[in-house]
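Residue numbers (the working numbering), protein chains in the order written: chain A, 1 to 478; chain B, 1 to 376.
Bear in mind the hints are in silico, worked out from the structure with no lab data behind them. Quantities reported herein were computed from a predicted structural model and do not represent experimental measurements. Some clues are possibly wrong.
[Unchecked claim] Chain B stretches covered by chain A per the calculated footprint, using a threshold of three residues with CB under 8 Å from any CB of chain A:
1. 125–131
2. 169–181
[Claimed, not checked] Pair ranges (Cβ atoms, derived):
3. Asp-268(B) <-> Pro-97(A): 39 to 49 Å
4. Gly-285(A) <-> Ala-304(B): 30 to 40 Å
5. Pro-240(A) <-> Ala-304(B): 24 to 34 Å
6. Glu-306(B) <-> Asp-86(A): 53 to 63 Å
7. Gln-329(A) <-> Lys-182(B): 41 to 51 Å
All C-beta atoms, glycine included, are put in the ideal place defined by N, C-alpha and C.
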Amino acid sequence: MRKTSAILHLDMDAFYASVEQAAKPSLKGKPVIVGGVGGRGVVATASYEARKFGVRSAMPTGEARRRCPNAAFLIPRFSAYREVSDQVMGLLSELSPLVEPLSLDEAFVDLEAGPYGEGLDTERATELAVELRAEIHARTGLTASVGLAPSKLIAKIASEAAKPDGLVVVPPGGERALLDPLPVRALWGVGPATAETLRKVGITTVAGIAAADPDELVRMFGQAHGRGLHAHALGLDDRPVVAERDAKSVSVEDTFEVDLVDRVRITAELDRLAARCVERLRGAGRSGRTVVVKMRRYDFSTLTRSETLRAPTDDLAVVRETVHRLVAQVDFTGGLRLLGVGVASLADFAQQDLFGTADEAPADEAGDQTGEAADAPTERPDSGDADAADPEAAAYGSVPVFHPGRFGNARWLPGQDVEHTEFGPGWVQGSGVGRVTVRFETPGSPPGRIRTFPEDTPDLKATPPLPLVPPGNTEATT
Amino acid sequence: MKFRVERDVLADAVAWTARSLPARPAVPVLAGLLLEADGGTLTLSSFDYEVSARVGIEAEVEDEGRILVSGRLLADICRSLPNRPVEVSTDGAKVAVVCGSARFTLPTLPVEDYPALPEMPTAAGSVAGDVFAAAVAQVAIAAGRDDTLPMLTGVRIEIEGDTVTLAATDRYRLAVRTFLWKPDQAGLSSIALVPAKTLNDTAKALTNGDSIQIALAGDKLGEGMIGFEGAGRRTTTRLLEGEFPKYRALFPDGAASVATVETAPFVDAVKRVSLVAERNTPVRLTFSDGRLVLEAGSGDEAQASEALDASLTGDEISIAFNPAFLLDGLSAIDSPVAQLSFTTSTKPAVMTGKPDMDAEATDEYRYLIMPVRLSG
Numbered sequence: 001m002r003k004t005s006a007i008l009h010l011d012m013d014a015f016y017a018s019v020e021q022a023a024k025p026s027l028k029g030k031p032v033i034v035g036g037v038g039g040r041g042v043v044a045t046a047s048y049e050a051r052k053f054g055v056r057s058a059m060p061t062g063e064a065r066r067r068c069p070n071a072a073f074l075i076p077r078f079s080a081y082r083e084v085s086d087q088v089m090g091l092l093s094e095l096s097p098l099v100e101p102l103s104l105d106e107a108f109v110d111l112e113a114g115p116y117g118e119g120l121d122t123e124r125a126t127e128l129a130v131e132l133r134a135e136i137h138a139r140t141g142l143t144a145s146v147g148l149a150p151s152k153l154i155a156k157i158a159s160e161a162a163k164p165d166g167l168v169v170v171p172p173g174g175e176r177a178l179l180d181p182l183p184v185r186a187l188w189g190v191g192p193a194t195a196e197t198l199r200k201v202g203i204t205t206v207a208g209i210a211a212a213d214p215d216e217l218v219r220m221f222g223q224a225h226g227r228g229l230h231a232h233a234l235g236l237d238d239r240p241v242v243a244e245r246d247a248k249s250v251s252v253e254d255t256f257e258v259d260l261v262d263r264v265r266i267t268a269e270l271d272r273l274a275a276r277c278v279e280r281l282r283g284a285g286r287s288g289r290t291v292v293v294k295m296r297r298y299d300f301s302t303l304t305r306s307e308t309l310r311a312p313t314d315d316l317a318v319v320r321e322t323v324h325r326l327v328a329q330v331d332f333t334g335g336l337r338l339l340g341v342g343v344a345s346l347a348d349f350a351q352q353d354l355f356g357t358a359d360e361a362p363a364d365e366a367g368d369q370t371g372e373a374a375d376a377p378t379e380r381p382d383s384g385d386a387d388a389a390d391p392e393a394a395a396y397g398s399v400p401v402f403h404p405g406r407f408g409n410a411r412w413l414p415g416q417d418v419e420h421t422e423f424g425p426g427w428v429q430g431s432g433v434g435r436v437t438v439r440f441e442t443p444g445s446p447p448g449r450i451r452t453f454p455e456d457t458p459d460l461k462a463t464p465p466l467p468l469v470p471p472g473n474t475e476a477t478t
Numbered sequence: 001m002k003f004r005v006e007r008d009v010l011a012d013a014v015a016w017t018a019r020s021l022p023a024r025p026a027v028p029v030l031a032g033l034l035l036e037a038d039g040g041t042l043t044l045s046s047f048d049y050e051v052s053a054r055v056g057i058e059a060e061v062e063d064e065g066r067i068l069v070s071g072r073l074l075a076d077i078c079r080s081l082p083n084r085p086v087e088v089s090t091d092g093a094k095v096a097v098v099c100g101s102a103r104f105t106l107p108t109l110p111v112e113d114y115p116a117l118p119e120m121p122t123a124a125g126s127v128a129g130d131v132f133a134a135a136v137a138q139v140a141i142a143a144g145r146d147d148t149l150p151m152l153t154g155v156r157i158e159i160e161g162d163t164v165t166l167a168a169t170d171r172y173r174l175a176v177r178t179f180l181w182k183p184d185q186a187g188l189s190s191i192a193l194v195p196a197k198t199l200n201d202t203a204k205a206l207t208n209g210d211s212i213q214i215a216l217a218g219d220k221l222g223e224g225m226i227g228f229e230g231a232g233r234r235t236t237t238r239l240l241e242g243e244f245p246k247y248r249a250l251f252p253d254g255a256a257s258v259a260t261v262e263t264a265p266f267v268d269a270v271k272r273v274s275l276v277a278e279r280n281t282p283v284r285l286t287f288s289d290g291r292l293v294l295e296a297g298s299g300d301e302a303q304a305s306e307a308l309d310a311s312l313t314g315d316e317i318s319i320a321f322n323p324a325f326l327l328d329g330l331s332a333i334d335s336p337v338a339q340l341s342f343t344t345s346t347k348p349a350v351m352t353g354k355p356d357m358d359a360e361a362t363d364e365y366r367y368l369i370m371p372v373r374l375s376g
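Modelling step: build the complete structure from the supplied sequences, incorporating the hints.
See the structure below:
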């Protein structure tokens, strides 16, 4: 345990939804739900306005639509989020080299390891946190909640308590006051099962766990979990902030609107996934030895098949060939709702393959779906419109969002950035029955007007996201 | 059936035939070794539908006959017999093996259920046994061992007139060897893909003969087979199916740099440096004029480096390899001096051997090795 509240936990408020609200001025103050927009989609983030209707992350989009029918339902634009995230992480790394990102919108910082570490006290740390929040708002127009505490556990709980747009500082010794009244679920490692077991013995709050006999907890949950629970309930946590956590595997997956049964179609989807997976693998400068295919059947039973190669590879041809081999024996009867491709046993070197394609597409050029583009024409008769319409498809991470545009021939997706030859930049508000509605506004502009065009208008084209705050104009949104 | 035979001769013949016995026979009779006594010859055969082996030895045959016994057991027995003549005789459904004062009684297997051995394909030509064995060993080292890509577990044999080309690859390296042989007919042209392990075992087992007959599939007889015969031993192997990759184009046209290194110190250095290369992480080679620097290990892990004399013509180059693949190649070139030709650090390198530093490298054997690309 530290003597100062030097561990900072930063969590952007309703991150994806806030980025969308900043990018689309007409949505400011309105419920926004980002996630899979198809029948099987789930909510990635809901804005605070939407949360009032009971919409939560990971909720099926269908349910979110019932609870909050007037919300804007948008597809995630990961490249935009990543851009903002990079700015925020950049600010954090100015505070200390020890930054542990947990996701695009969340990170721990060890302030003692940084330039302000010398003689740092809780008061100075608080000043830094206040400045940080102001700076993030100035640079991105978004709000962040910050928890400052002597340990990671407490810092995280503090930032949760600070939400939205707040700062909670827990001084050394103040842990119990914060923790005690919280429900048991607030602690890490307490999920529905543990909470239920605790409820049966009458423990509903963290104070209850702290007051319990540690041996009793060990009897209920085993040595590691029982002891850990008790220590955490007392606010004891000495895990260090780790700057870089080595990824163990790189994987991508997609859930489909309609179960896939056709082997040709499944193979084509696997090829797509393999290309995305290899692209991410190369983007991370890694290679891997084990290729994994994940398949979820119509009845939710999941099977995985894996093969370990003799040497690490980052070669699309090798990964794809291995994937084909792995699924050759699998029975698809009944259909598959989800497919995934991953590479594990990571290494930082790649054994080149005599029959591969790796040397034609070096890692530094892989950012643009090089491999996929190079091989697509012969094997993917359906490549075309769908691809052009979802430039972000490659950015879809392990979030099990729907593959936009894969079904229903939707050419335009809600939230997508577009540009019209006459009306300029805007975003797709909706599409259907041969028409597409676009709202013409940009970050920082006043709320724009909507216009409707035929779906196949040649004047409209998909574009990459615009920056939230134009460069050199950091005050624009403040 | 009854015959007498020298212990060593029998033990050798049994051991060789029993080698190709299947560990888990598809049908019980395939675990048997077929003994046929006829005239002054004892013929031993084994067959597992993939590989057949047959050897004839001289024996004092009293009663002709044909029996099938457990091959594994007979091999174990023969190996441990004292050095005295061995007498084998049948007694009803049993067979007795007597040697000196040792006596074994074995049950026989139903010989009428034993499948007919495949006919030897039509003979196609011959080559010296030691040349063949050496060539096969040099190539088989690069063959794949992974059944997921069956065609890469084979050695491709190409016959074009009096030239035989062997090639094998596991997709990370490719070994190609050419040698001359004596074809039975001029203008012969044939291709076969033979399981590398079987071919290597066969070639080794046939070295004691002066020459090996290689028999390739004719029009009808022995289709999908290759046969080898030498020193009274004959074996057939079923060929692998599948398309062997087009490998000739993989060899680069020219070279940007050519390095020459003495093989023995190079091998020692690779072995030393790669001690820190866990799980075959790469060894980096940097060639500059007069010098080769080997390095392995990186970051927080153990590291090693060593410098050697080397001559270089062309551009300086830094390139990384899997140390096991590198060592395989250096041992396979089987020459005092190794020559390595490079184009770039991401393109395959060609390794050849030569008798001394100043000699011309021969193209008889070429080992193509794919580098490891380091990230970051």
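Practice problem: Could you check the hint for me, namely that Glu-306(B) and Asp-86(A) are 53 to 63 Å apart, CB to CB? | Solution: violated (42 Å)
Quiz prompt | Beta-carbon spacing of Asp-268(B) to Pro-97(A) - inside the hinted bounds 39 to 49 Å or not | solution = holds (43 Å)
Quiz item: Taking a Cβ-to-Cβ distance below 8 Å as contact, does the segment 125–131 of chain B have at least three residues touching chain A?
Solution: With 0 residues close enough to chain A, the hint is violated.
Exercise. Examine the segment 169–181 of chain B for residues whose CB is less than 8 Å from any CB of chain A, and state whether their number is three or more.
Key: The restraint on the segment 169–181 of chain B holds, since 6 of its residues have a Cβ under 8 Å from chain A and three suffice.
Quiz item: That 24 to 34 Å hint for Pro-240(A) and Ala-304(B) (C-beta), does it hold up?
Solution: Holds: the Cβ-Cβ distance is about 31 Å, inside 24 to 34 Å.
Quiz prompt | Distance restraint hint 41 to 51 Å, applied to the beta-carbon atoms of Gln-329(A) and Lys-182(B) | solution = 46 Å Cβ-Cβ, so the 41 to 51 Å window holds.
Quiz item: Given a hinted range of 30 to 40 Å, is it respected by the beta-carbon distance of Gly-285(A) and Ala-304(B)?
Solution: violated (24 Å)
The structure shown violates the earlier hints numbered 1, 4, 6.
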